[in-house]
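Chemist: Protein sequence lines correspond, in order, to chains F and L.
Last residue of the first sequence: 528 in our numbering, with the numbers rising by one and none dropped.
Last residue of the second sequence: 468 in our numbering, with the numbers rising by one and none dropped.
Treat the hints with care, since some could be wrong.
To be verified - In silico DSSO-like links for lysine-lysine, alpha-carbon gap of 30 Å or less:
(1) L/K442 / L/K401
(2) F/K491 / L/K373
(3) L/K397 / F/K523
(4) L/K451 / F/K498
(5) F/K516 / L/K365
(6) L/K456 / F/K415
(7) F/K491 / L/K447
No lab work stands behind these hints, which were simulated from the structure alone.
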Amino acid sequence: MKRRSFIKSALVVSATGAAVTGGLLSSQTVLAASHEMDLTKAKSFDEAMKMMGATDAAESDMIIIKAPEIAENGAVVPVSIASDIEGTTEIIALISNNPVPYAAKYTMGAKAKAAVKSRFKMAKTSDVVAVVKANDKFYMAKSNIKVTKGGCGG
Amino acid sequence: MAKSTIKLRTKEKGGLVQVKALITHPMDTGLRRNKKGDKIPAHFISEVMVEANGESVMMANWTGSISKNPFISLNYSGEKGDKVKLSWKDNMGKSDSLEKTVGKKK
Chain F
375 MKRRSFIKSA
385 LVVSATGAAV
395 TGGLLSSQTV
405 LAASHEMDLT
415 KAKSFDEAMK
425 MMGATDAAES
435 DMIIIKAPEI
445 AENGAVVPVS
455 IASDIEGTTE
465 IIALISNNPV
475 PYAAKYTMGA
485 KAKAAVKSRF
495 KMAKTSDVVA
505 VVKANDKFYM
515 AKSNIKVTKG
525 GCGG
Chain L
363 MAKSTIKLRT
373 KEKGGLVQVK
383 ALITHPMDTG
393 LRRNKKGDKI
403 PAHFISEVMV
413 EANGESVMMA
423 NWTGSISKNP
433 FISLNYSGEK
443 GDKVKLSWKD
453 NMGKSDSLEK
463 TVGKKK
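So here's chain L without its partners, still in its complex pose (with noise of 0.2 Å):
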């Protein structure tokens, strides 16, 4: 199987669910040029979901303007066993997920 793109962090400490994530993505804004000076096309992730117990608790919707690999934390009020899924997509139509669960190590 292929590694998966999402790191996954979850940690709980007084009642609050600490999620942190990293994802390995491009993200081309479409205004870079490569070496022959043409255009690289806009690559970026525009939809990041998370969810837990299957229950939306936040939605992104990202530009070009996030920074390469990107990295976002939030929190939200969950107790251990609550499991966290990460997932996201981008405007070229691919797309990956994580599922973790709170306060276990695998």
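Okay, chain F solo, but in the shape it has when bound (with noise of 0.2 Å):
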């Protein structure tokens, strides 16, 4: 058993690795996306959750999630998500149950209304979380969208 997980986590060193020195000798937008690219790395919530170090996110009902309740098509789930918060600089959009959670950033510029529309996929029946990202802190909000087929594989 021991000698497995030795084997294992040697294989998960060098895949890293590898990773990383690719990252280094591509081009520049590589590294500068670095931090997005762990992200999508994040293969759970609460990972995902870690890496942005926004664990400590309060619940607010300031941030409104609007999304049907029941999705007949996971390949295409209309949610917009807006914040009341004021100085909300940061949305990001994470979907519990995908493969991959985190969804989107959306980086508001200061003329911007901290509100944004799009359609995500979703894998299966899961919370959508909203991050918000205001004055430094994180601030957070979830709804519960059913997923009758899923979007994601298949």
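Reassemble the complex: the two chains are provided individually, in unrelated frames, and hints are given to aid placement.
Modeler: What follows is the structure, encoded as structure tokens:
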């Protein structure tokens, strides 16, 4: 058993090592986007929250998620997220049961209203979590969406 | 000229400009398989930028969890005559952009 876990960890180490060198060799845009890359690697919701440093995000009713309760087709789920919190700079959308929970990050400019609408893919019934960064603090809200037909893989 | 991948609509109302856009893109997650059972490589838009008169209004970082032919809508405080530019980049290095003047048909 010990041996097996050793091989496993060795493999993981070499894989990450390869990824890092790959990143160094390729263009600068990859380096600039490395933070994003990390988040897309998070395979679970908790992991993604940890990577963002948003584990202590306070639930807020100032964030409004508009989404259908039941989505027939998980490939196209319209979700709109609006934040009434003053000084909102970032809106991050996470879909907790997707293979990669991190779905999107919106960075709002000074003039923009902190509200966006996009269509997401959902693998199965899941919570959609909106994490809002305002004044260097994190706030969150979630909404459960039932999916009858998945939209990832298949 | 090839047809643009972006459909952009802008509307001004009461000091707010609504920007709506549809982008034609496959948005593959990298998890789907084709009929032979081979994985279809991930191909998705990773960055969307909206600018008004050269000033950044919003930047979105997307992943494969955004639906195919993505739609985006947002509001910002602006006025008629603003030049709204939307551009995107995907993980395979492709990109496109489109500029429109608020309140004008073309």
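Chemist: Run every hint past the structure and note whether it holds.
Modeler: Hints versus structure:
no., hint, result
1, L/K442 / L/K401, "violated, 47 Å"
2, F/K491 / L/K373, "holds, 16 Å"
3, L/K397 / F/K523, "holds, 19 Å"
4, L/K451 / F/K498, "holds, 28 Å"
5, F/K516 / L/K365, "violated, 39 Å"
6, L/K456 / F/K415, "holds, 22 Å"
7, F/K491 / L/K447, "holds, 18 Å"
In summary, the numbered hints that this structure violates are 1 and 5.
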